[in-house]
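According to my numbering, the residues represented by the sequence shown are 3 to 163, in order.
Calculated directly from the structure, the hints in this document are not laboratory data. Where hints are given, some of them may not hold.
Here are the computed lysine-lysine pairs in the DSS-like style, where the Cα-Cα straight-line distance is at most 25 Å [as the list claims (entries may be wrong)]:
1) Lys151 - Lys4
2) Lys85 - Lys4
3) Lys151 - Lys85
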Amino acid sequence: MKPFVRNGLLITLGATAASVAISVAAIHALPASGEFPIHWGPSGAPDRWTDRAGAIRFLWTLPVITLAVGLLMAALPSIDPRKGNIETGRRGYVAIWLAVMVLLTCIHGGVALQMTRVGEAAEGSGQMVRWIIAGASVLFIIVGNYLPKTRSSFFFGIRTP
3 MKPFVRNGLL ITLGATAASV AISVAAIHAL PASGEFPIHW GPSGAPDRWT DRAGAIRFLW
63 TLPVITLAVG LLMAALPSID PRKGNIETGR RGYVAIWLAV MVLLTCIHGG VALQMTRVGE
123 AAEGSGQMVR WIIAGASVLF IIVGNYLPKT RSSFFFGIRT P
């Protein structure tokens, strides 16, 4: 295993552990009954609700998604026909890997926080949507910073004619 993939897997392990901790804390903070938001519209108001069992399933889905994305990023360098090109851009690859893991973990934290709120606060606010947009914007800035410094590959640094 290449050192940059090992570093990325350690990042994934840390992000997944943080997501599991967030899920455990949120599950213990969920009220015993009621409806819980699992989707928010552009205004920040919840537009899809579920019961406690559905909320628990949803909270466990997010760490699985984080782990799956991390494992996919670990597998891509080994299946890329231009392996050497990803390796020359490994610094950018790991930076983007880290940014994606941080973004997924922060989104999970925001979702868990919104799910555990009750009453008036459960109606949501545009704050969570703003944080997600800000996080995605930072991710695009990181990608935009590193992508020109990489060589083209099938999965990273794709160049169009």
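Going down the list of hints, with the structure as the test:
1. Under the criterion of a C-alpha separation no larger than 25 Å, the hint pairing Lys151 with Lys4 is consistent with the structure, at around 20 Å.
2. Taken as a hint, the Lys85 and Lys4 pair is honoured in the structure, with Cα atoms around 11 Å apart against an allowance of 25 Å.
3. About 16 Å separates the Cα atoms of Lys151 and Lys85, which keeps this hinted pair within 25 Å; it holds.
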